[in-house]
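Asker: Please assemble the complex out of the two chains, which come individually in their own frames, going by the hints.
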Amino acid sequence: DQQVKQNSPSLSVQEGRISILNCDYTNSMFDYFLWYKKYPAEGPTFLISISSIKDKNEDGRFTVFLNKSAKHLSLHIVPSQPGDSAVYFCAASGGGTYKYIFGTGTRLKVLA
Amino acid sequence: DTAVSQTPKYLVTQMGNDKSIKCEQNLGHDTMYWYKQDSKKFLKIMFSYNNKELIINETVPNRFSPKSPDKAHLNLHINSLELGDSAVYFCASSQDWVGGTDTQYFGPGTRLTVL
Chain A
1 DQQVKQNSPS LSVQEGRISI LNCDYTNSMF DYFLWYKKYP AEGPTFLISI SSIKDKNEDG
61 RFTVFLNKSA KHLSLHIVPS QPGDSAVYFC AASGGGTYKY IFGTGTRLKV LA
Chain B
1 DTAVSQTPKY LVTQMGNDKS IKCEQNLGHD TMYWYKQDSK KFLKIMFSYN NKELIINETV
61 PNRFSPKSPD KAHLNLHINS LELGDSAVYF CASSQDWVGG TDTQYFGPGT RLTVL
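First to last, the protein sequences are chains A and B.
Each residue of the first sequence is one higher than the last, beginning at 1 in my numbering.
Each residue of the second sequence is one higher than the last, beginning at 1 in my numbering.
Read the hints as simulated data drawn from the structure, not as lab findings.
Be aware that a few hints might be false.
[Said to hold, decoys possible] If you want a taste of the chain B side facing chain A, the calculated C-beta under 8 Å gives, among others:
id	residue
1	LYS40
2	TRP97
3	THR101
4	GLY107
[Said to hold, decoys possible] Computed cross-link-like contacts, EDC-like style, restricted to lysine to aspartate or glutamate with a CA-CA straight-line distance of at most 16 Å:
id	chain 1	residue 1	chain 2	residue 2
5	B	LYS71	B	GLU53
6	A	LYS99	B	ASP30
7	B	LYS36	A	GLU42
8	B	LYS9	A	GLU42
9	A	LYS99	B	ASP96
10	B	LYS41	A	GLU42
Beta carbons: idealized from backbone N, C-alpha and C, even for Gly.
Chain B with its partners taken away, still in its complex shape (with noise of 0.2 Å):
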């Protein structure tokens, strides 16, 4: 059983089109996350979500809206892709986010190419 888990694993558009990333964790935590690691192996938090509401917002392009129907899912919708947001983007979750401690658990990742 994967713990946590995204589709797809790739994804290969065209810039300007409009894309999703969907990702569900098995653990049941209570705190989401997404990252991006760009082509420089940054990996940088964008959103965090806890129990279904937004607490960690970093500057991210308002194209990136994060939606979390439920506790266990966490979907990433792009607008508009840009060549720029090619990169990998990893899905996590962890018990709760109180502090800053709890372990984060990684999904395989979803590797965006935007041409």
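Bound conformation, chain A alone (with noise of 0.2 Å):
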């Protein structure tokens, strides 16, 4: 049972333009979601994080929204750069559940 869900394996972007990257979920008891950032051969690292109880975290060009009602996140990068060229994963907690539930990632590219 997959409570995450990145339904876009890839996505390719013009540098300068912007990224959008979606996430679905199914438990509508988790009240925290966040983005991790995976380069190859490198562990998951933290991009930014939201409660349930707002609808939109921003921190610089990473902007991440959440729709509670669709049970649906997105994270925008703007502008996007080629640094950004990595596998974003989304994540859930919460609903009685210490632990993390990852999605299964959406490999973005950003082209020069």
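Answerer: Shown next, in the form of structure tokens:
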């Protein structure tokens, strides 16, 4: 039972444009969401998070939006840079589970 | 200084062997985790220890045994390795574990290949 889904395995974007990565979840009890970024041969690194009491959180070029009614979150990267090319994982926690549930990741390629 | 380190980075072994993966964190965190990323790229938690005590134990074969000698170390021992154990194993740590909101910091991963 895949509770966190990233339906786009890959995404290509031109440098300077906006990258939008999407994530859907099924468990309405999740109350904390995160995005991690992973380069090849490295571990995931924390990027940005959002609590369910908010619908938006911004950190520099990265903004996460949460739509609780749709059980959907998205990560916006503006402007996209070649160094942003990586695999992005969304994760969720809460609902009595003290652990992260990860999606399968979206590979972002930013074209110079 | 590497915050969360794992050894070895690569491990190739035969079916039936026993192997260990070591993890150390120098962040002063109280909680450590082991994750498995399989061929379908699912990153799933296996175990979590808080202050050397097991707090999360997912449905993992009992051939997998974590050991935490102290708060800074969480090792993973695997007995009687099977082909399906081939995966990338990530160690992670967080300051605490309450509510699942503490940011987790991951190690670089250990790629295990069972032949």
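Asker: Honestly, which of those hints from before does the structure not fit?
Answerer: Violated hints: none at all, because every hint is consistent with the structure.
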